[in-house]
Amino acid sequence: MVFASQVFLYWFLPLVLIGTLLLPRWLRNPFLTAASFLFYGWWRPDYALLMLATASFDFGAALLIDHARRRGGSGRGWLVLSVIANLGLLAWFKYANFAVGIFNDVLLWQGAPPVPWVEVLLPVGISFYTFQSMSYTIDVYRGDLKATRHFGDFLCFVSLFPQLVAGPIVRYADVADQMAVHRMTVPSFAQGVLWFIFGLAKKVLLADLLAPVVSGLFDAGTPASAGLAWTGLAAYTLQIYCDFSGYSDMAIGLGLMLGLRFPFNFESPYKAASITEFWRRWHITLSTWLRDYLYIPLGGRRKGPLRTQVNLLLTMLLGGLWHGANWTFIAWGAWHGLLLSIERVAMFRRFQQWLPRALQVGLTLLCVMLGWVLFRAHSMSDALDWFAALAGNGGDSLLVVAPMQYAILALAGVLALFAPSTREIVANASPRTVVCAAILLPLTMLHLHWQDHVPFLYYQF
Amino acid sequence: MCPSSTTSSDTSAATRSLAGEVRAGSVLLDRRAQRIVSVGFLVIIVGAALVDLCWPAAPKPLAGIHAQRLEEQRAATQWMDGTRMRLLEWDLRDTSRVREATLPLWSAFLFGAGRMPHSSVIPGADGWLYMKARVQPERRTAPLAQREAIRVLIAFDRVLAAMGTRLVLVPIPDKSMVHPEHLPAGFQSDAADYERFIAAWRARGLHVVDVLGAMREAGGQHFLRTDTHWTHRAARVTARAEMEAMGILSSVHEQASHWEEAGNELDAGDLLVSGGMDIRAMHHGDLTGKALRAMGALGEVPIEKFTGDQATLAAPDMQRPWAHYGSSFSSFVHFKQMLEWYAGERGFIKDFIAVDAEWIMLQLVTDLVAARERGIVPRAVAFEFLLTDFLTDQVAPKKLVFSQTGIEPPAPVPETLRPAMVARPRLVPGEHALTSRGIAWGAAPGAFVHPADGSFGVVIEGEVLSGAPTFGLNVGPTHLYIPWPPGARRVHVPLFGSGLAEGFHCALLDLADQARVRIDKVSLASPLTVGAAVSVPTPVGAVPGGWEADLEHLAGADERALFVQLTTGACERIELTSAECGEQLVIEKPAAQMRLVLPLVQGKPTKWRVRAQGSAKAVVFKEVSTLLQARR
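Protein sequences, first through last, are from chains X and B. Letter 18 of the first sequence, counting from 1, is numbered 18 in our numbering, and no numbers are missing. Just add 461 to wherever you are in the second sequence, counting from 1, and you've got our numbering.
Here chain X stands alone, though its shape is the one from the complex (with noise of 0.2 Å):
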């Protein structure tokens, strides 16, 4: 199920909010937690069984962990247990394909024939919750957090359908003592109804409708200018801004709806004036997750400055990987590690500081956008063939971009890089934000009844 469909927002959503407001508290995680089941098998039921496990081999690893911990030991063992079976099933269901697609392309080039294979299905949002139920058994052996006896509230955590699968990355120490609680008031509903407007809205009004535009020109070869590269790159440097926060939004509305604070994930990215500080701005509960769970445990910044700049790259590799199984994504993920890395030098950085900030804010962006060609791209070929088109020299794919279109790359420009986040909105709400969120809403319902299901881009990572 997608929170932008009629299913979701006429059925689902309704009979969960009244459900979860008339039960008592000791009732809702239970609850909830069919609820997640129901949204996330309405996918795949058997793929639900998957989620299932997870959580609870985390669950019982935490526990065998507390309990190691409590005779002497460090619980060590069961801790590589649960990273093996987490990265083990992610390995499994997202690279086996990539792996096996490597080594038959070694085969043939030995002149061998390949290995048969029948491809593996990618269960929706296994990246995310995968995650998020590993950071809960590190946290557990690193002492952050004590492991919950509560299988109930556990499966509940990880299933929890708001940010199950596309994020935000949520850590069990944020919402735990939340869940406990469970505290619906008027105020957190008012305010999830606000952040999951205008999360819809920029999924919907203004993400789905630049689709056709990069699809049109990233899907049919190369664009035939410059001119058309470039519109086509800035409609997806847009769409993917305006789809993923647009969904975290919707996750993180949903979550005050039912009581709970997530954390949030992006604070206008694109203003930033640095790719360090664009990391600060995108998708920032993975970017959090990667530090402290990779970059810090890998040794961080302090072992010298040159391990500082492998531990570095390595966690862009990994964070690239992470996205998808495709050398393009690595590709992508090696792009902003070697940014990461210039920025760490001194003299750059002086450089940087030395110019005006609407010149770094543009140049950051020009940095991003490049590095978004490697990640929309289907291949490195396709991706090198974009390259050539910026710069001029392009292929034969023609797209006529209508004039609505064109208005809304603008619109979703201007509030890219001049609007307030949704944060800000939301924290600084007004009778002016209502009268907004009031005429947003009719209009989202009306293009998501025209429209045919457009999936959320993150949907299967």
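To be clear, the hints were calculated from the coordinates, so they are not data collected in a lab. Since the model is a prediction, treat every value here as computed from it, not as a measurement. Treat the hints loosely; a few may be bogus.
Stated by the list, open to error - Chain X regions said to be covered by chain B (calculated; three or more residues, Cβ under 8 Å):
1. 44–54
2. 152–161
3. 184–191
Note that CB positions come from ideal geometry on N, CA and C, so glycine has one too.
Got chain X sorted already, so can you dock chain B onto it with the hints?
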């Protein structure tokens, strides 16, 4: 990914405040405003759900094969793979009253004011629309395949010439070739492709009508602004050029024909529909259409009005008729009448909607084979098709193989023509328990032509062990069920389809899931042949209360069925009854064009009585080949 765990000096105040911040902001609205927001939101979404629950919209009605396919899909859905949920979502969407009420408004805004086109349509200047697949064909046939196409055509031409029949090719240029001036910037027409093809075919001795050249010479508008088809002007120019190429142009009648410029309107075209821009196609009334016209989203195109006197046309030459086989262009804007006007006599004209050149050619061959067996040799045959069909490999002329005409298949024989591809492996000797899904066979157009003997049908030899098996055929938009003739041990199942995207489809099945059959042998049948032709005098114009007519046909030795084509206007019901066969077929609300298969009794006269109820403008019964009329 923010690997730096401590803030650096160059982070902005905004990012400093973000470090470690994981809480959403507070809301400054007062309590009252918060309640309004909360309650208002719930009221809207719950209200929409209640409207849909208590007042659902009627689901879109489907007919014929589409309804059957939907039922098949429903039956195939499962819970565990999520398909049942997709179906439920579809149903909720389909019956949503809120959606039904809001869709036209938003569509009018998007398409009218926003000019948002569908991905399959290219909007040009001045409101002109072009089909993207024809302006930018996704694939282009390799030169080798084009050479094969020419070889097939050359071979076909030579065989016909030996028979005394002139083959005339009438390739229709794409709209963008004729009117490139309205294409948007960057798009180019491929008129050079057209000219190259004409030159190549003529160089090899083929009679080809240069339709593009004729249109350019005549000047004016030859294609409709928002439709893929041509105007009266273009049809008239082509009809004249075709008759000239066929050597039967009658100059006398050209002087007597009347063509008037009139203010007829065609304010909606197929490109508007396929582009999702024809709001009126959603049946939301003229109000939306008027609003769109006011916004300039729909245009008006004056087209020529045809007036002619049919009484002046000569009777057809039964032994040496002229014939024309073509695409939807042949059925558009009185083209057929124009052909007869320029010929000065009636001919045999057949048009096929929504099929490609391969299908048209296949049908032409089928009919020629049948006609030749009865001594009818057309003096000229025109084959009209869209040239873009030859520019993409959606049509692969190399798949066309003609037998019994003396044409050898182009070597090498492609894999797709092996008999194994003609009938799916399940239609094999042995005992079979039949279900409602049955044993299906059939394939994409062209793939069922056998390279060795040019067979077009399937003969099943076997026996019904229990139950009452049925053959399900897709015949045009209708799915028709014909029972396995009781006691028959040899059944000829002809291949007859409308050639639409789904191709031909036939299945041996039992709707009650009980029948068992034993198949002893499956062989490819000789081409369908029909005995003496039947023409049915039908009333012209509306006949309140309906009318009746009789078909009488003497079945041939191999014939098991009679094929008829129905064309109805506002007909409520068609009833076909045969006392000899003991069969009755009733069709409620028949489609505008339908093809039926009526069983015959072998070797005996079989009378089928047709009764049409309700007002019927015209119902014309045609056999597969009315070239055979002369033999009556």
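Under 8 Å between beta-carbons, do enough residues of the segment 44–54 of chain X, three at least, approach chain B for the coverage claim to hold?
holds (count 3)
Do three or more residues of the segment 152–161 of chain X come closer than 8 Å to chain B, measuring C-beta to C-beta?
Result for this restraint: violated, n = 0.
Confirm or reject the coverage of the segment 184–191 of chain X by chain B under the rule of 3 or more residues with a beta carbon closer than 8 Å to the chain's beta carbons.
As far as the segment 184–191 of chain X goes, the hint holds, because 5 residues have Cβ atoms under 8 Å from chain B.
Violated hint for the displayed structure: number 2, the only one.
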